[in-house]
Structure formats: structure tokens, C-alpha cells
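There are 2 protein chains.
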Amino acid sequence: MSDQRTDPAVPAAVPEPPYYAVVFTALRTGDDPGGYDGTATRLSRLVRDVPGFLGEDFAHTPGGLAISVAYFRDLEAIERWRQHPEHLAAKRHGREHWYERYALHIARVEHSHAFQRS
Amino acid sequence: MSDQRTDPAVPAAVPEPPYYAVVFTALRTGDDPGGYDGTATRLSRLVRDVPGFLGEDFAHTPGGLAISVAYFRDLEAIERWRQHPEHLAAKRHGREHWYERYALHIARVEHSHAFQRS
Chain A
1 MSDQRTDPAV
11 PAAVPEPPYY
21 AVVFTALRTG
31 DDPGGYDGTA
41 TRLSRLVRDV
51 PGFLGEDFAH
61 TPGGLAISVA
71 YFRDLEAIER
81 WRQHPEHLAA
91 KRHGREHWYE
101 RYALHIARVE
111 HSHAFQRS
Chain B
1 MSDQRTDPAV
11 PAAVPEPPYY
21 AVVFTALRTG
31 DDPGGYDGTA
41 TRLSRLVRDV
51 PGFLGEDFAH
61 TPGGLAISVA
71 YFRDLEAIER
81 WRQHPEHLAA
91 KRHGREHWYE
101 RYALHIARVE
111 HSHAFQRS
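Chains as they are written, first to last, in our numbering: chain A, 1 to 118; chain B, 1 to 118.
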């Protein structure tokens with residue numbers, strides 16, 4: 001099964017500021033009980049149904065760092081996603097098995113810009 | 001020459017909020033005049049000398065999206081880096097040759113958290 005989350009075609013559309021970005025940078029353990037890829041794909045589908053979710057970017061250097069950036073309209077939308085039962089369970093499982101280290105940054109976007117080759 | 005920027009060992013250290021995150025997500029053209037890797041390595045060294053620069057995360061899905069997140073103490077530090085002559089030249093060159101699409105999000109980090117396996 002392909003992991004759609006690891007292969008977005010293009011950068012996510014840039015919303016009108018202000019909005020929020022949740023930056024998650026992680027290094028994996030290499031252990032994979034429970035199936036990381038399947039869970040990531042499932043979560044990337046679930047988050048689309050969260051009111052206020054605006055989009056997501058994802059990149060993963062093989063054997064190295066993975067970065068996801070999820071965009072939300074406001075802190076209330078982030079809180080909705082934070083409290084989602086499947087998301088909570090996946091985070092707990094991730095800390096127990098999948099992640100060696102991670103960092104999370106919740107930030108209010110004040111300015112944004114997009115470029116597309118003509 | 002290895003590109004240090006594409007292979008950070010671990011997520012960047014999490015500073016005390018508030019600070020700023022500059023999220024840059026890009027899709028490359030595949031053309032490489034001027035040498036993207038060498039320029040990226042050079043810039044990742046130069047930015048460390050910018051007062052107020054706090055760290056950087058980078059990940060790149062082969063053939064897909066690249067994401068860099070640079071952390072700065074304040075908007076003044078971001079402005080210093082934005083006006084750096086070599087950075088300006090690289091951005092211009094990037095728009096002309098390297099990037100198919102990109103998005104830039106400048107955001108004030110209000111909350112952050114780090115996890116490390118014990």
C-alpha cells in the first residue's frame with residue numbers, strides 16, 4: 001500500500017493569514033509495530049474532516065528526518081484534532097514505539113507567499 | 001560533497017517561545033544550473049551567523065516535496081537573513097531555475113514541545 005501522506009504532489013495551498021501551522025519534526029526508531037505507514041495514511045484522511053483544517057505538507061528524508069506541517073484556521077481547530085481519539089491513540093503509540101525524538105511547534109502564521117512557475 | 005543541510009541528525013533544539021518559524025515547502029524543477037546542493041550547503045552555513053538564528057530542520061522526499069523550517073528569535077532576525085546578499089541572489093536564481101513551486105509561511109511560535117526516548 002502506498003503512503004499518500006509521504007508523497008504530496010505539490011506544496012499545500014497558502015491560506016489567507018492569519019492561520020496556524022503545526023510543525024512536527026521527527027526521527028523514527030526503525031521499529032514498526034502497529035504499522036506506521038497505515039496509521040499515518042489513516043490520520044491524514046481523518047484530519048481532513050476536522051473543521052478548520054486547511055491543508056498539510058509532508059517530507060521525509062530516507063533514514064533521516066520527517067517533517068509534517070499541518071495548517072489550521074485557528075487554535076480551536078488544532079484543539080479539535082488534538083483531542084481526536086484516534087489521533088490521541090496514535091500519538092501514545094508513537095511515543096512508545098515509533099519515535100526516537102520529535103519536536104512540535106504551534107505557530108500563528110502572520111505572512112505567507114506562494115510561487116508557481118509560469 | 002555531501003549536503004549537510006539535507007541530513008540533519010535530529011530535530012532542531014526547541015527554543016523557549018515566543019520565537020518565529022519560517023516554513024519553506026518546495027518542489028524542484030529537476031534543472032540544476034548553478035548547483036543547488038552546493039548553494040544550499042553554503043546558505044545553511046551562512047544563516048548560522050545571523051544574529052537571532054536559532055536552528056533549522058530540513059527533510060526531502062526523493063522526487064517530491066522538500067521542507068525547511070528555520071527558527072529565529074524575532075522578525076528583525078528574519079529580515080536580516082532576508083536581506084543577506086547571497087540569500088537574495090540564491091532566491092532569485094531559485095525562482096529562475098530550481099523551483100517549480102514553493103510556499104513560504106512566516107509564523108510566530110506560541111507553544112512548543114520536545115520528546116526524546118529515554
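These are calculated hints, taken from the structure and not from any lab test.
Treat each hint with caution, since some may be false.
[Claimed, not checked] Here are some of the chain B residues that sit facing chain A, going by a computed Cβ distance under 10 angstroms: (1) T25; (2) G35; (3) D37; (4) L46; (5) V50; (6) F53; (7) G94; (8) Y99; (9) R101; (10) A103; (11) H111; (12) H113; (13) A114.
[Unchecked claim] The calculated lysine to any residue pairs, modelled on SDA-like cross-linking and capped at a C-alpha distance of 20 angstroms, are: (14) K91/B / L43/A; (15) K91/A / R117/B; (16) K91/B / S112/A; (17) K91/B / R101/B; (18) K91/B / R117/A; (19) K91/B / V14/B; (20) K91/A / W81/A; (21) K91/A / A114/B; (22) K91/A / S118/B; (23) K91/B / V14/A; (24) K91/A / S118/A; (25) K91/B / R48/B; (26) K91/A / V14/B; (27) K91/A / H113/B; (28) K91/B / R45/A; (29) K91/B / S118/A; (30) K91/B / Y36/B; (31) K91/B / D31/B; (32) K91/A / S112/B; (33) K91/A / H111/B; (34) K91/B / H111/A; (35) K91/A / F53/A; (36) K91/A / E16/A.
[To be verified] Not close to chain A: a few residues of chain B, all C-beta gaps over 12 angstroms, as computed: (37) P18; (38) L27; (39) T41; (40) L43.
Think of the CB as a built atom: it goes at the ideal place given N, C-alpha and C, for glycine as much as any other residue.
Comparing the hints with the structure gives:
Interface restraint check for T25/B: the shortest CB-CB distance to chain A comes to about 4 angstroms, inside 10 angstroms, so the restraint holds. The closest approach between the C-beta of G35/B and any C-beta of chain A is roughly 19 angstroms, which is over the 10 angstroms cut-off, so the hint fails. About 13 angstroms separates the beta-carbon of D37/B from the nearest beta-carbon of chain A, more than 10 angstroms, and the hint is not met. The beta carbon of L46/B is not positioned within 10 angstroms of any beta carbon in chain A (closest approach about 21 angstroms), and the interface hint is therefore violated.
A least Cβ separation of about 18 angstroms between V50/B and chain A goes past the 10 angstroms threshold, and the interface hint is therefore violated. Hint status for F53/B relative to chain A: violated, with the closest Cβ pair at about 15 angstroms, above 10 angstroms. A hinted interface residue such as G94/B counts as satisfied when its beta carbon comes closer than 10 angstroms to some beta carbon of chain A; here the least separation is about 9 angstroms, so the hint holds. For the restraint placing Y99/B at the interface with chain A, the shortest Cβ-Cβ distance is roughly 6 angstroms, inside the 10 angstroms limit, so the hint holds.
Interface restraint check: R101/B against chain A, minimum CB-CB distance 5 angstroms, threshold 10 angstroms, status holds. Against a cut-off of 10 angstroms between C-beta atoms, the interface hint on A103/B holds, since the closest Cβ of chain A lies about 4 angstroms away. Of the supplied interface hints, the one on H111/B holds, with its beta-carbon coming within about 4 angstroms of a beta-carbon of chain A, less than 10 angstroms. This hint holds: H113/B has a C-beta 5 angstroms from the nearest C-beta of chain A, less than the 10 angstroms allowed.
Given hint, A114/B at the interface with chain A, holds; its Cβ is 5 angstroms from that chain's nearest Cβ, closer than 10 angstroms. Straight-line distance between C-alpha atoms of K91/B and L43/A comes to about 34 angstroms, which puts the hinted pair past the 20 angstroms bound. Restraint check for K91/A and R117/B: the C-alpha separation of about 14 angstroms stays at or below 20 angstroms, so the hint holds. Only pairs whose Cα atoms come within 20 angstroms are accepted, and K91/B paired with S112/A is accepted, the gap being roughly 16 angstroms.
For the proposed pair K91/B and R101/B, the alpha carbon gap of about 13 angstroms is at most 20 angstroms, so the pair holds. Under the criterion of a C-alpha separation no larger than 20 angstroms, the hint pairing K91/B with R117/A is consistent with the structure, at around 14 angstroms. Taken as a hint, the K91/B and V14/B pair is broken in the structure, with Cα atoms around 27 angstroms apart against an allowance of 20 angstroms. Straight-line distance between C-alpha atoms of K91/A and W81/A comes to about 12 angstroms, which keeps the hinted pair within the 20 angstroms bound.
Between K91/A and A114/B the alpha-carbon distance is near 13 angstroms, which keeps this suggested pair within the 20 angstroms criterion. With a C-alpha separation of about 16 angstroms, the suggested pairing of K91/A with S118/B holds against the 20 angstroms cut-off. Restraint check: the Cα-Cα separation between K91/B and V14/A comes to about 19 angstroms, which is no more than 20 angstroms; the hinted pair holds. A C-alpha spacing of about 41 angstroms is found between K91/A and S118/A, which places the hinted pair above 20 angstroms, so the restraint is violated.
Distance hint between K91/B and R48/B is fulfilled; the C-alpha atoms sit about 18 angstroms from each other, no more than 20 angstroms. Between K91/A and V14/B, the direct Cα distance comes to roughly 19 angstroms. Compliance with the 20 angstroms bound is thereby established for this hinted pair. A C-alpha spacing of about 13 angstroms is found between K91/A and H113/B, which places the hinted pair at or below 20 angstroms, so the restraint holds. For the hint pairing K91/B with R45/A, the CA-to-CA distance comes to about 34 angstroms; that exceeds 20 angstroms, so the pair is violated.
Between the alpha carbons of K91/B and S118/A the distance comes to roughly 16 angstroms, so the proposed pair stays at or under 20 angstroms and holds. At roughly 11 angstroms between alpha-carbon atoms, K91/B and Y36/B fall within 20 angstroms of each other, so this suggested pair holds. Only pairs whose Cα atoms come within 20 angstroms are accepted, and K91/B paired with D31/B is accepted, the gap being roughly 15 angstroms. With a C-alpha separation of about 16 angstroms, the suggested pairing of K91/A with S112/B holds against the 20 angstroms cut-off.
Between K91/A and H111/B, the direct Cα distance comes to roughly 18 angstroms. Compliance with the 20 angstroms bound is thereby established for this hinted pair. Restraint check for K91/B and H111/A: the C-alpha separation of about 18 angstroms stays at or below 20 angstroms, so the hint holds. Pair hint K91/A plus F53/A holds up; C-alpha atoms about 18 angstroms apart against a cutoff of 20 angstroms. Of the pairs offered as hints, the one joining K91/A and E16/A is violated, with about 29 angstroms between alpha carbons and a cut-off of 20 angstroms exceeded.
Remark: the non-interface label on P18/B conflicts with the geometry, its nearest Cβ contact in chain A lying 9 angstroms away (cut-off 12 angstroms). Not every beta carbon of chain A lies more than 12 angstroms from that of L27/B, the smallest distance being close to 6 angstroms; the non-interface claim is violated. In this structure T41/B is separated from chain A by more than 12 angstroms, as the shortest Cβ-Cβ distance comes to about 15 angstroms. Distance check for L43/B against chain A: the nearest CB is about 17 angstroms away, which clears 12 angstroms, and the non-interface claim stands.
Of the numbered hints listed earlier, those contradicted by the structure are 2, 3, 4, 5, 6, 14, 19, 24, 28, 36, 37 and 38.
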